[in-house]
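Asker: Use the sequences and the hints to build the structure in full.
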Amino acid sequence: MAAVGNLRATTITYRLILRQLVTGGRVLALLALSAVLVLVSLAVGLSEDVEDPLEVGVALIDLMGFTLVVPIVALVFAAAALGDTREDGTLVYLWLRPMGRSPIALGAWLASVSVSVPLTLLPLAVSAVLLDAGSDLVAATILAAFVGVLTYAAVFLFLGVLVRNPVIWGVVYILLWEGLVAQFGAATARMAVRGYTRSILTSMTDVDLDLGTLSMTMGILVPAVIVVSALALTSWRLNEMEVA
Amino acid sequence: MTLPPPPPDPTTRVEVGPMVGDPIADNIVVEAFGVTKAFGDVVAVSDVSFRLGPGLTALLGPNGAGKSTLFRMLCGLTQPSKGNVRVFGKNARRDRNVRGRIGLAPQQDAMFDRLSALEFVTLAAATHGIVGPEAAARRSLDLVEISADGPKRVGAFSKGMRQRVKLAAALVNDPDLLILDEPLTGLDPVQRNRMIALFNELAAAGKCILVSSHVLDEVARLGSNIIVIAQGRLAASGDYHALRELMDDRPHRIRVRTDQPRRLGAAILERGVAEGVSVVEDRLVLDTRDVGLFGRQLAPLAVELGVELNELVPLDDDLESVFRYLVERR
Numbered sequence: 001m002a003a004v005g006n007l008r009a010t011t012i013t014y015r016l017i018l019r020q021l022v023t024g025g026r027v028l029a030l031l032a033l034s035a036v037l038v039l040v041s042l043a044v045g046l047s048e049d050v051e052d053p054l055e056v057g058v059a060l061i062d063l064m065g066f067t068l069v070v071p072i073v074a075l076v077f078a079a080a081a082l083g084d085t086r087e088d089g090t091l092v093y094l095w096l097r098p099m100g101r102s103p104i105a106l107g108a109w110l111a112s113v114s115v116s117v118p119l120t121l122l123p124l125a126v127s128a129v130l131l132d133a134g135s136d137l138v139a140a141t142i143l144a145a146f147v148g149v150l151t152y153a154a155v156f157l158f159l160g161v162l163v164r165n166p167v168i169w170g171v172v173y174i175l176l177w178e179g180l181v182a183q184f185g186a187a188t189a190r191m192a193v194r195g196y197t198r199s200i201l202t203s204m205t206d207v208d209l210d211l212g213t214l215s216m217t218m219g220i221l222v223p224a225v226i227v228v229s230a231l232a233l234t235s236w237r238l239n240e241m242e243v244a
Numbered sequence: 001m002t003l004p005p006p007p008p009d010p011t012t013r014v015e016v017g018p019m020v021g022d023p024i025a026d027n028i029v030v031e032a033f034g035v036t037k038a039f040g041d042v043v044a045v046s047d048v049s050f051r052l053g054p055g056l057t058a059l060l061g062p063n064g065a066g067k068s069t070l071f072r073m074l075c076g077l078t079q080p081s082k083g084n085v086r087v088f089g090k091n092a093r094r095d096r097n098v099r100g101r102i103g104l105a106p107q108q109d110a111m112f113d114r115l116s117a118l119e120f121v122t123l124a125a126a127t128h129g130i131v132g133p134e135a136a137a138r139r140s141l142d143l144v145e146i147s148a149d150g151p152k153r154v155g156a157f158s159k160g161m162r163q164r165v166k167l168a169a170a171l172v173n174d175p176d177l178l179i180l181d182e183p184l185t186g187l188d189p190v191q192r193n194r195m196i197a198l199f200n201e202l203a204a205a206g207k208c209i210l211v212s213s214h215v216l217d218e219v220a221r222l223g224s225n226i227i228v229i230a231q232g233r234l235a236a237s238g239d240y241h242a243l244r245e246l247m248d249d250r251p252h253r254i255r256v257r258t259d260q261p262r263r264l265g266a267a268i269l270e271r272g273v274a275e276g277v278s279v280v281e282d283r284l285v286l287d288t289r290d291v292g293l294f295g296r297q298l299a300p301l302a303v304e305l306g307v308e309l310n311e312l313v314p315l316d317d318d319l320e321s322v323f324r325y326l327v328e329r330r
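Chains A and B, in that order, are what the protein sequence lines are.
For the first sequence, the numbering used here begins at 1 and goes up steadily by one.
For the second sequence, the numbering used here begins at 1 and goes up steadily by one.
Incorrect hints may appear among the rest.
Here's a subset of chain B near chain A, in silico, CB distances under 7 Å, partners left out [as the list claims (entries may be wrong)]: (1) ARG96; (2) ALA110; (3) PHE112.
The following label-pair restraints were derived from C-beta to C-beta distances [claimed, not checked]: (4) A:LEU122 x B:ALA205: 23 to 31 Å; (5) A:ARG8 x B:PRO189: 38 to 46 Å; (6) B:LYS82 x A:GLY5: 34 to 42 Å; (7) A:LEU122 x B:GLU145: 42 to 50 Å; (8) B:GLY238 x A:GLY89: 28 to 36 Å; (9) B:SER147 x A:GLY89: 23 to 31 Å; (10) B:SER81 x A:GLY89: 17 to 25 Å; (11) B:ALA156 x A:ARG8: 27 to 35 Å; (12) A:GLU242 x B:GLY132: 32 to 40 Å; (13) A:ARG19 x B:GLY34: 39 to 47 Å; (14) A:LEU28 x B:PRO314: 53 to 61 Å; (15) B:GLU270 x A:GLY89: 57 to 65 Å; (16) A:ALA59 x B:PRO151: 51 to 59 Å; (17) B:GLU145 x A:ARG8: 27 to 35 Å.
None of these hints come from the bench; they were simulated from the model.
Using N, Cα and C, we set each Cβ at its ideal position, and we do this for glycine too.
Answerer: Encoded structure:
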């Protein structure tokens, strides 16, 4: 029996995981979370008391979009992509096959990104439009959300094969590390994904946000390195882990 | 129901003990060298060594004996804490070509429940790199007598149907080594007989098939070569019939409730029907090596003595006690 090529193995894993991930309950719960952001944005956009809509808009998108919606949506799908198969015992049907580990990691990441991107980009883009703060905010929001989803999905994919109950650990990471520790200074901000999404927002809108001081190039390049590293770690972990 | 004995399989070989010789020249498929697996302080498998060639071998052991852990180590799903496992001379964990020659039906019930049987087995075929995976899946489902065009998802299947779908997935790549962990669980008697016949056909075609079970009678129908594992240790191996005799030769303990236990006990000892007799809480407890003889003589003896027989309970007739006996006598 011939070994399965990497492209084919990636495609098979992608299709399988995508089908497993999309459940009505998950999608509805995360849409509800996004709806809160959209409604708040609508309220702010309609308000006549806002002096600088761009500054308020950037702050709101950063606070609700990049602290909650983007990481939570990415966590729910990416942690489940391989984490669920590991916990319910179905990973054996991918693992014990003549396939490399990297295509499994890549296919699962692409599947989680495929679900997470529309569920984050659309509501965030709609929110940015409703805030009525100009096209720069809309463009910055879309780019930062795209970078954020890709990066969080890679990190949480790794978490899914690393620990049991990855969603709980992921929420702790989002709230404590991304939400709290990363606020302490420039050094800790660089060790949080939010530091880079915030830098993209700052660079494209010229609105100052605390700790969003990195250049646009760094805001894209470092997350790309994080994605590649997290996928490599996931492949390594798949190779070394004990499969039930 | 009387079943025909499985066909003799001259190609099967089970070796236990120090490993010598050239595995490839000897046509060895599976080798385990002093394999131990511990989870913290719990030792699941302890110092197990054996070699298997083509043919059907049954791995027999009570629940929790370490069968599934041993299978997982053979497949490379988990690493031994000590010792080595080789499949086709290599480590399945590191060699993807070896993984392509293995078919595993795991014991756990987990499947991709949202897929249909055809989709599930087609996925298995595709992940094995088979050209025309759907056609291969249809053939495999046909072997286990599951309709490929059924609309149901496997999540809605009965236990027996899920077992057969798992089996079809394990067979789809025409594996040289087929590892089946309790594959007959949940099957009705007709399906069991068909699956056993299928295992024997595959073994006769030169495949190495390893089937686990905790049911002694099931193993009797599977084939003549067995490996017995108990408490994580290799308790016995070789020909089933020799082992069965060994099991039958062990002393059996039986409890008899009667109105006159001392009188009946004395008579049983006098006739030589039992080797040891004691009275515990007004019950007669006796040891015999010949259950058949005891069974034939007890009732006439009770009639002759005018003694009432109220209850007869075998105290060690469960499989666990058989395994305990085998382990203790090593």
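Asker: Each hint needs a verdict: does it hold in this structure or not?
Answerer: Consistency of the hints with the structure:
Residue-level restraint check for ARG96 of chain B holds (minimum Cβ-Cβ distance to chain A is 4 Å; threshold 7 Å). For ALA110 of chain B, the suggested interface contact is upheld, since its CB lies about 3 Å from the closest CB of chain A, less than 7 Å. For PHE112 of chain B, the shortest C-beta to C-beta distance to chain A is roughly 6 Å, which falls under 7 Å, so the interface hint holds. Distance hint check for LEU122 of chain A and ALA205 of chain B: the Cβ-Cβ separation is about 56 Å, which falls outside the suggested range of 23 to 31 Å.
For ARG8 of chain A paired with PRO189 of chain B, a C-beta distance near 41 Å keeps the hint of 38 to 46 Å intact. Distance hint check for LYS82 of chain B and GLY5 of chain A: the Cβ-Cβ separation is about 36 Å, which falls inside the suggested range of 34 to 42 Å. One distance hint, 42 to 50 Å for the beta-carbon pair LEU122 of chain A and GLU145 of chain B, holds here, with the actual separation near 47 Å. At about 33 Å, the beta-carbon gap between GLY238 of chain B and GLY89 of chain A stays in the expected band of 28 to 36 Å.
Separated by about 25 Å at the C-beta atoms, SER147 of chain B and GLY89 of chain A satisfy the suggested range of 23 to 31 Å. Checked against the given bound of 17 to 25 Å, the beta carbons of SER81 of chain B and GLY89 of chain A, roughly 22 Å apart, stay inside it. With their beta carbons about 30 Å apart, ALA156 of chain B and ARG8 of chain A fall inside the hinted range of 27 to 35 Å. Between GLU242 of chain A and GLY132 of chain B, the C-beta spacing of about 34 Å keeps the proposed range 32 to 40 Å intact.
Separation of ARG19 of chain A from GLY34 of chain B is about 43 Å and conforms to the stated range, judged on CB atoms against 39 to 47 Å. Checked against the given bound of 53 to 61 Å, the beta carbons of LEU28 of chain A and PRO314 of chain B, roughly 58 Å apart, stay inside it. Distance hint check for GLU270 of chain B and GLY89 of chain A: the Cβ-Cβ separation is about 59 Å, which falls inside the suggested range of 57 to 65 Å. As the Cβ distance of ALA59 of chain A to PRO151 of chain B is approximately 52 Å, the hint placing it in 51 to 59 Å holds.
For GLU145 of chain B and ARG8 of chain A, the hinted distance range of 27 to 35 Å is satisfied, since their beta carbons lie about 30 Å from each other.
In the structure shown, a violation is registered for the earlier hint numbered 4 alone.
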